[in-house]
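Student: Assemble the complex: chain R is given as a structure, and chain F must be docked to it using the hints.
Order-wise, the sequence lines are chains R and F. So the numbering used here is basically just the index in the first sequence, starting at one, shifted up by 19. So the numbering used here is basically just the index in the second sequence, starting at one, shifted up by 31.
Derived by calculation from the structure, the hints in this document are not laboratory data. A couple of the hints might just be wrong.
Now the in silico label distances, taken between C-beta atoms and shown as ranges [claimed, not checked]: (1) F:S285 / R:P210: 36 to 42 Å; (2) F:P465 / R:P210: 29 to 35 Å; (3) F:A129 / R:A235: 52 to 58 Å.
In this text the structure is predicted, and so the values were computed from the model without any measurement. All residues carry an ideal CB built from backbone N, CA and C; glycine is no exception.
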Amino acid sequence: MRWRMRERPEAADQVAAWLAGAARLLHVARRLGPEHEDARALGRRLVPELVKLANTHGPLILELTPRSVVLGDETVFAADHSNAPTGERALERELSWVLHRDGLRRLRFDPGMTEAEAATFLDVLVVSAPADATHEDLVTLLWDSGFAHVATETEEADVVRVHPLTGRTGSMWNRAAQGPHVDDWPQVEAPAQDAKRLWDELHRVESECLPAFRDAWARERSESFAGAVEVMTQAARLDDPRPELVEALAASVVTWLATAAQRSDWDEARAAHELLVRLDPTGRRSAEALTHALGSLDAQAITERLDEADVREQARLFAFAVRLGAPALPLLVSVLAHSGRTRVRAGATTALAYAFAEDPTPLGAWLGDPRWHVVRNIVFVLGQIGGGEVVPHLAVAARHIDARVRRAAVHALGQVPHSLRRQVLLTQLDTTDGRLLAASLAMLAREPDTRVTEAILARVQSSEFEARPEEHRIALLSALADVASDQALPALEELLLRGGWFAKRSAERAAAARAIVRLGTPAARSVLEQGLRHKSEAVREACDDALAQWGRS
Amino acid sequence: MNRTTPILSPDDDPRFEVSLQLASRFWALVRSGRAYAVGHVTYTTQLENYLALLSPPLEDRGAVRFHAPEGDLCMNGERLPHRPNMHKALESLVQEFAARTLEGIEFTKGLTLGELETFMSFFLPGERWKGAELIAACDEAGLVHARPLPIRAAARPLGAGAPPELAPESIGSARAAWLPVLAGARALLEGDALDQGLELRHVKRLVQPLVDSVLAGERAIAVLAQVTPRESTWSHAAHTALLAVSVGARLGLSRHDLADVAVAGLLHDAGHGWGEAGGPEMVEETREPAGHTHEGLRRVAWSTTLNTTSLGVMRAVLEHHDAAPGDHDRLPSTLLSQLVSIADAYVTLLSRGDSLDAWLSPNSALVRVIGPLRGRWHPALPVALVRALGVHPPGQYVELDDGSLARAVAPDPQDPERPWVEPVADVRGVGIAPAHRRPMPLPAERYVARALPRAEWPHDPAERPAA
Numbered sequence: 020m021r022w023r024m025r026e027r028p029e030a031a032d033q034v035a036a037w038l039a040g041a042a043r044l045l046h047v048a049r050r051l052g053p054e055h056e057d058a059r060a061l062g063r064r065l066v067p068e069l070v071k072l073a074n075t076h077g078p079l080i081l082e083l084t085p086r087s088v089v090l091g092d093e094t095v096f097a098a099d100h101s102n103a104p105t106g107e108r109a110l111e112r113e114l115s116w117v118l119h120r121d122g123l124r125r126l127r128f129d130p131g132m133t134e135a136e137a138a139t140f141l142d143v144l145v146v147s148a149p150a151d152a153t154h155e156d157l158v159t160l161l162w163d164s165g166f167a168h169v170a171t172e173t174e175e176a177d178v179v180r181v182h183p184l185t186g187r188t189g190s191m192w193n194r195a196a197q198g199p200h201v202d203d204w205p206q207v208e209a210p211a212q213d214a215k216r217l218w219d220e221l222h223r224v225e226s227e228c229l230p231a232f233r234d235a236w237a238r239e240r241s242e243s244f245a246g247a248v249e250v251m252t253q254a255a256r257l258d259d260p261r262p263e264l265v266e267a268l269a270a271s272v273v274t275w276l277a278t279a280a281q282r283s284d285w286d287e288a289r290a291a292h293e294l295l296v297r298l299d300p301t302g303r304r305s306a307e308a309l310t311h312a313l314g315s316l317d318a319q320a321i322t323e324r325l326d327e328a329d330v331r332e333q334a335r336l337f338a339f340a341v342r343l344g345a346p347a348l349p350l351l352v353s354v355l356a357h358s359g360r361t362r363v364r365a366g367a368t369t370a371l372a373y374a375f376a377e378d379p380t381p382l383g384a385w386l387g388d389p390r391w392h393v394v395r396n397i398v399f400v401l402g403q404i405g406g407g408e409v410v411p412h413l414a415v416a417a418r419h420i421d422a423r424v425r426r427a428a429v430h431a432l433g434q435v436p437h438s439l440r441r442q443v444l445l446t447q448l449d450t451t452d453g454r455l456l457a458a459s460l461a462m463l464a465r466e467p468d469t470r471v472t473e474a475i476l477a478r479v480q481s482s483e484f485e486a487r488p489e490e491h492r493i494a495l496l497s498a499l500a501d502v503a504s505d506q507a508l509p510a511l512e513e514l515l516l517r518g519g520w521f522a523k524r525s526a527e528r529a530a531a532a533r534a535i536v537r538l539g540t541p542a543a544r545s546v547l548e549q550g551l552r553h554k555s556e557a558v559r560e561a562c563d564d565a566l567a568q569w570g571r572s
Numbered sequence: 032m033n034r035t036t037p038i039l040s041p042d043d044d045p046r047f048e049v050s051l052q053l054a055s056r057f058w059a060l061v062r063s064g065r066a067y068a069v070g071h072v073t074y075t076t077q078l079e080n081y082l083a084l085l086s087p088p089l090e091d092r093g094a095v096r097f098h099a100p101e102g103d104l105c106m107n108g109e110r111l112p113h114r115p116n117m118h119k120a121l122e123s124l125v126q127e128f129a130a131r132t133l134e135g136i137e138f139t140k141g142l143t144l145g146e147l148e149t150f151m152s153f154f155l156p157g158e159r160w161k162g163a164e165l166i167a168a169c170d171e172a173g174l175v176h177a178r179p180l181p182i183r184a185a186a187r188p189l190g191a192g193a194p195p196e197l198a199p200e201s202i203g204s205a206r207a208a209w210l211p212v213l214a215g216a217r218a219l220l221e222g223d224a225l226d227q228g229l230e231l232r233h234v235k236r237l238v239q240p241l242v243d244s245v246l247a248g249e250r251a252i253a254v255l256a257q258v259t260p261r262e263s264t265w266s267h268a269a270h271t272a273l274l275a276v277s278v279g280a281r282l283g284l285s286r287h288d289l290a291d292v293a294v295a296g297l298l299h300d301a302g303h304g305w306g307e308a309g310g311p312e313m314v315e316e317t318r319e320p321a322g323h324t325h326e327g328l329r330r331v332a333w334s335t336t337l338n339t340t341s342l343g344v345m346r347a348v349l350e351h352h353d354a355a356p357g358d359h360d361r362l363p364s365t366l367l368s369q370l371v372s373i374a375d376a377y378v379t380l381l382s383r384g385d386s387l388d389a390w391l392s393p394n395s396a397l398v399r400v401i402g403p404l405r406g407r408w409h410p411a412l413p414v415a416l417v418r419a420l421g422v423h424p425p426g427q428y429v430e431l432d433d434g435s436l437a438r439a440v441a442p443d444p445q446d447p448e449r450p451w452v453e454p455v456a457d458v459r460g461v462g463i464a465p466a467h468r469r470p471m472p473l474p475a476e477r478y479v480a481r482a483l484p485r486a487e488w489p490h491d492p493a494e495r496p497a498a
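If we strip away everything but chain R, and leave its shape as in the complex, we get (with noise of 0.2 Å):
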């Protein structure tokens, strides 16, 4: 055979066994932070073995691409999400994806790698894993480390995007840009042989204010971020009140808004919308990009540290959803969706009942949702905040495909008028869940009315009342004697009577004797006393047990 199969480098074993401890690492870091104690531990385990690797192996020449790592011809790692659906983030939590995102084609580690080194390497990338939470990517994390044996070649992105409509980056608009460069200085003169005059006289001070420099520099670095954005912002209106800029200010604060959410530092996030509010006090201007914003989050990240997270930072989020209202459901929606903590889904529940309770309007949207989990929760929300309002949204989960909707939307009525809520109960009369029916007519019976009797009169005496399931037939009867008076009495003389001579017993039978029991007028009692004289054994049976319930039901 000409063909033959490749070989498999010694150390490949050992670099695919440290390559799935990094990739459990960032899992851990991921889910717990990377403080704790887990991740800490398991990347001190990780330091040792790539020094070791580094020095017996070196150099390692690792290739990136998005799916998998190859050392020399093998694959030492492959994603585990490698085809995971369009739409989908699983791929991008994988190790293999988050080395090749930003451009890093080839990693190289070389012999002599101290602890120290391999120490960092692991945490740039743990904290660059989450890529919408940082505004540094690998590359430039990797750079800043100054590696003496760790080498990177990389593939540099386009640092201007291309213009959809167009395809070109740029228009013919920005004249001034493509001529020359507007002379923006004061005119001031001075003679050129100055020049070593003015050397001299800054050469005597320098040893003084280099010093002085660096250390305004790193005060000025170590400022918090929140107070400096605070004095940009506010500097900036001083001289330009212009709606333009302010509204381009907000949209910039939603970008840190929503990247602090990300990195589910919920006080930073907190202060954000604080300075947003300030500029933006109706939320006219930032509204719509803080709804995109935050529907663009990695809901399920968050939700992931939301569920190993302790009570406190649960309800930081909870707090922090209900103080944005409307641009924080999809957040919300999304821990409902994803969170695997009854508690945090209960808290979830809550903040959106008090995020929304002044107008459920955006909860109906997510009625639609594909999961019926979601939807079921979503109504269990609309319930909470009761009231009219309410109301046109569980008419419409009472329509839902799932049962299990349907039932959430019954028991959600509860909390609704009872005039607001009938008319979407009557829609249930005639449903196959024997579950929904009981609920909706338990309900129904609580507040009686000629419309809900007439309603159950009509299905009771309809031709299909006989076709549907007995429990149905006996819960609707039941729920008749409950709501309704006389007006009820010939329907249910109706089905006592049935069949005549050849009349047998039923469940049915029975059940239309104890409603007119129920009904508990001299009329009712006149009909159950011709019963016992009717030719059928199984009437007058009927009629007699019924009337010996009389007076006790």
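Tutor: Just chain F now, with coordinates in the frame of chain R:
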């Protein structure tokens, strides 16, 4: 073997039946390869089936070649017809070729199962093996009857435009770091590219080699000798970024901070051409246009994410013309803004003037900055500026103590008064041809006697062409 025959409509040409089957089955092999490893019994069975399907046409024609020269899948040069039930498979196969930078694949008579299996082991990991690498790997493995086909004419890489003329020896290895910055500045600032949205971390990547070059002591600063009157906005931005990084390096800033400085330098004048000229949103307005600082701030705020780097950029955009630190009704400008400001001032003055007469020499520009304008900045900044530029900045003609003329290229890091120079005329006043000029440190026995005023500069059309 499971052979399915699609229902043909009256318009379908049955001649292509086998070709379409072969193409769609190959795509099925690619898909299966994501679920099964090569060598897995299921996958081997599929390969056997494919080989059986492939054998008759190989016997008849000798070769089966799938390729997509213009996006349409062809077999042996014939474009395969559209069939609704196979459209997706064919299109996906074309995409697979494109993803691997291939024109297509070819099977020839004599293909065996083992060879096909090996070929697939190279073809399937598309992220790993692409284009020339894939072809080389297949050749190396001894594959003869199954091979990837190279793209016949490789696309030209997108260039950043014609670089300005630089004397390669003047800036040495810094040239490689400088040219991308210049091209990047043009891409950023020409047109409305900034308004399409921007990730400053990408810009930061662009300036990293320049920062490294400056920190390594390379003579990137010599580029400032190329500043011309009426230079473009993007060229000005790149020169400002370079000088700001050089000054920052003299101040001992970290490479992390220097990258931020460079990005701020590139974008500090993002508002020019919008505020004054009136951007799109100002066309129907009758209001006074905003100043370029506020307009620049607005553009940067719109274009990117707010973070430490962009905040620094925004403040630099807003504050780089502030009169003096602390001498203002708002808070003092940041040191980063001042650093960009002093670099902007020098580069602007260096390119000032519409004519040769009005054009300031580098020395004249420098003395204005460290003289009358000095009070605008932290006292350390003018010091660092001179350390970065030298007393005789790049491009300045000087007369040495022996009467010879030279042109300053870059400062000596230890002594700003002793620049690296390019000799221009010898002691007799005889000019040295540009081709024979070499940058060198000022000889130990020599010193600069004086800087030549613009009027006395030797006429040399190859250098610093006047406007």
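Student: State for each hint whether it applies.
Tutor: Structure-based check of each hint:
1. A hinted range of 36 to 42 Å holds for the C-beta pair S285 (chain F) and P210 (chain R), which are about 37 Å apart.
2. Checked against the hint of 29 to 35 Å, the pair P465 (chain F) and P210 (chain R) passes, with Cβ atoms roughly 30 Å apart.
3. The hinted range of 52 to 58 Å is satisfied by A129 (chain F) and A235 (chain R), whose Cβ atoms lie roughly 54 Å apart.
In this structure, every one of the numbered hints holds.
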